[in-house]
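Participant: As you go down the protein sequences, you meet chains A and B in turn.
Numbers 1 to 462, taken from the working numbering, label the letters of the first sequence in order.
Numbers 463 to 924, taken from the working numbering, label the letters of the second sequence in order.
These are computed hints drawn from the structure, not numbers from a lab.
Just to be clear, a hint being listed does not mean it is correct.
[To be verified] Not everything, but these chain A residues come out facing chain B in the computed CB check (under 8 Å):
1. K50
2. H54
3. L78
4. L291
5. A294
6. H297
7. S298
8. S368
9. G397
10. T404
11. A411
12. Y414
13. K415
14. Y423
15. N436
[Stated by the list, open to error] Here are a few chain B residues that sit away from chain A, every Cβ distance over 10 Å (derived from the structure):
16. V482
17. L556
18. T608
19. P660
20. S733
21. I814
22. E833
23. L844
24. S857
25. E860
26. S889
27. Y914
Built from N, CA and C at the ideal position, the CB exists for glycine as well.
Number of protein chains: 2
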Amino acid sequence: MDSFHTAVIGAGSGGITVAVGLAGLGKKVALIERSHVGGDCTNVGCVPSKTLIHLANHAKDLTPTEILAKVRERRDHLRDEETEWLAKTKNISLIRADAKFLDKDTLELSRSSSKEKLTAKHIVIATGSSPKPLSLPGLAESITLTNESLFDLEALPKHLVIIGAGIIGIEMAFAFRKLGAEVSLIGRASRVLSALEPQASAVIQKRLEALGVKLYLSSQPERFENSTLILKEEKARLEQVEKVLVAVGRSPNLSLDLEKAGLAYSEQGISTNTFGKTNVPNIYAIGDVNLNSAFTHSANAQGRRLVQKIAFPFLPVGKEPIYPSATFSDPEVAQVGPTLEALKKRYKSDLIKTFQYDLKATDRGYTSFLEDGFVLIHAMALTGRVLSATIVAPSAGEMIPLLTHAVNGGASLYKLANLVFPYPTLSEAIKKAASNYVFETLPNLVKDARTYALQRWQNPRH
Amino acid sequence: MDSFHTAVIGAGSGGITVAVGLAGLGKKVALIERSHVGGDCTNVGCVPSKTLIHLANHAKDLTPTEILAKVRERRDHLRDEETEWLAKTKNISLIRADAKFLDKDTLELSRSSSKEKLTAKHIVIATGSSPKPLSLPGLAESITLTNESLFDLEALPKHLVIIGAGIIGIEMAFAFRKLGAEVSLIGRASRVLSALEPQASAVIQKRLEALGVKLYLSSQPERFENSTLILKEEKARLEQVEKVLVAVGRSPNLSLDLEKAGLAYSEQGISTNTFGKTNVPNIYAIGDVNLNSAFTHSANAQGRRLVQKIAFPFLPVGKEPIYPSATFSDPEVAQVGPTLEALKKRYKSDLIKTFQYDLKATDRGYTSFLEDGFVLIHAMALTGRVLSATIVAPSAGEMIPLLTHAVNGGASLYKLANLVFPYPTLSEAIKKAASNYVFETLPNLVKDARTYALQRWQNPRH
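The shape of chain A in the complex, shown without the other chains:
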């Protein structure tokens, strides 16, 4: 029976980070993957979806079929590169197998024909998540897609119905509509991207509608009949549907006989502390499989923190950062920290100062003929601490890092108001919002100080 310093289950963003990090420090690592190296991100997530979005925007000389083929070709190329690189990495044994726990130190590895065992001092669960299934009466499997099968499409569907108006649903609605498909988008909530700020939803809905995507909000599908999808309460009948993309959420991959290791978990995932530690001291869970965050970059960040914790257990690693999110719609939506609604549960309303600055009011917005988009910042009264921020802009993903740094304690609004931005850029809206905060705060100093002192006294943690 082979024995390792660390066994990592799942070769996605989190798992690869841990395996490569520890291997680089000289530890003997088993990296176990039941399917493709790269995880969802490389194979059925960010990489093919961002390639598709890029080509849908820019490759005007390619047909949709050529674009879909190109997406697969690029995806496969990256996967092959990653696989080859991992196989060559010193101290990593890349094992193609399905892993299950036998006890807290032992895994059983199943391949098509054989089973074997493996022990490790540390075991890291980085198995990710899978699309939640949707059972819809009458809907045939042959026309049902999830992110796992979407990028295997060889031809553009004439009419694509997307169920779910979260990040995946929205990104694919833009991409497939731009490729020329008729797209109908069904969302259960009253707005798209309902986990984000309502101002962001409003811009995205306006843009989707301008592109000709048909939106059905506050709606749920009821049944499927002869290529017609019927919504509950007969709200609408979507006809001549060719494919249905189900994007109604993710479920963690937990079929690992976790009980045999004594692990505590729920259907939502494995609960961990801020550096991936589970209730069993030598077992960690990072990425989509834990309850903390479900992004490629948060899995990567959790992996990096875990490498530090395993390799240098006595060094402090600080508290888990507040992760940004990005939606690669048109324009992009980037966000970091809680929404206003969530902040109001934590702080007195008087203490939360909100500043929104529209991009069209910046000079770069003017020279770029922008109509939509904004920078929205929620900050603490008096101290200028940035609590959260949302950017809706063509390159919002490239603008959010400064505010991610701010939200994680790196810069107050007083600092951002004094930072010099190159002229003319859309990022100036950050400075404008920060300056407006400063202008409003200075005359209200006494009132704000009183409210702030009161909250500190009532709730010293914040």
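For this one, chain A is given, so just place chain B on it according to the hints.
Facilitator: Leaving out everything else, chain B in the frame of chain A:
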């Protein structure tokens, strides 16, 4: 004779900032402008040039003539808005006149028909700069353009020669070539954008050449004969030239009888301390007219600092920040802090650690099919202090603010290595460069500490 708290000469970026700032604090301000409100930026600089660049990239359905007309229309609209807004601003007297000093407190204002005087407690010179003229034998004025006349062009020249390969020359080479003109670019230095890092020049030259711009580097024009421009040493003959854009640098606007106020200055500008103070205690100079920096955003920043200094003379305003620059080429080039060449004059070479990360090595670069572009960071050994940075990327101007914050002391490379960037973005290259710094520094800790201590001992200022 009218008397003011502050007289501001020049209603460009710097002057407007000071006038509006002080007026908002209740001070009586005279804002004197001899030409158009908005200065070079609004009228003959950033605003029309960025509008032109935007339309050259995106307005595929407009003819060049329509695009040039649209640029003027948008420019005029913004100028009218700014003029109207300033005229309505309380406490500001907008005076259309040419100002000259009579003594340190008194200005003479000349209009076409009349002259009058004005006194002020504080006088702010914000007169900006003008394009340096070029005298080229045989070149007729009728075909010579500068940034001041360029945007009055009503039709696209068939063959445009641009003399000068700095920011203006480069931006206009991209824009006019994309509009369809034949463009020849003549640069005196051996590379374009010679004030920036050579790696940036290399990318921009490659892209200019790929677009079909003809580059003549290490070259100077000698004379013009029958629509042919002949380079010195007969390096080349550029034929059938229709227009010549001269962009060989800027000269400060100093025709103000500065001697009568006792002001010290040179042809390069008025020397000031870090908040615009000249050798005469009540007179300030900000923006292009001083020696510190020549960008719209630095003029604006100097204006903000000056408002604080005049209105609250006893509050500290800190030292002048390090300003970023941006070139709106394709891709954009954004930079903050000194080049490596300049850093080497200040620090021992051992102490400067350079990390470059190419965008094509990031996942977003891969999904966007990027071939060029990078993040380049120079940092201090051991401490991780960011000394300077250059970004060449499609939205480099939106990515540089985080590094501007870092260069101004807001974040070390240790911080940037731990910052979580949304996946997949090009900004991840910042994290990668920072992480590479950390990986290299940790094993060299002892060596770096020795070098650093030595420099501190020899030169405690840095």
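Participant: Could you tell me which of the numbered hints above are not met by this structure, giving the numbers in increasing order?
Facilitator: 4, 5, 12, 15, 24, 25 and 26
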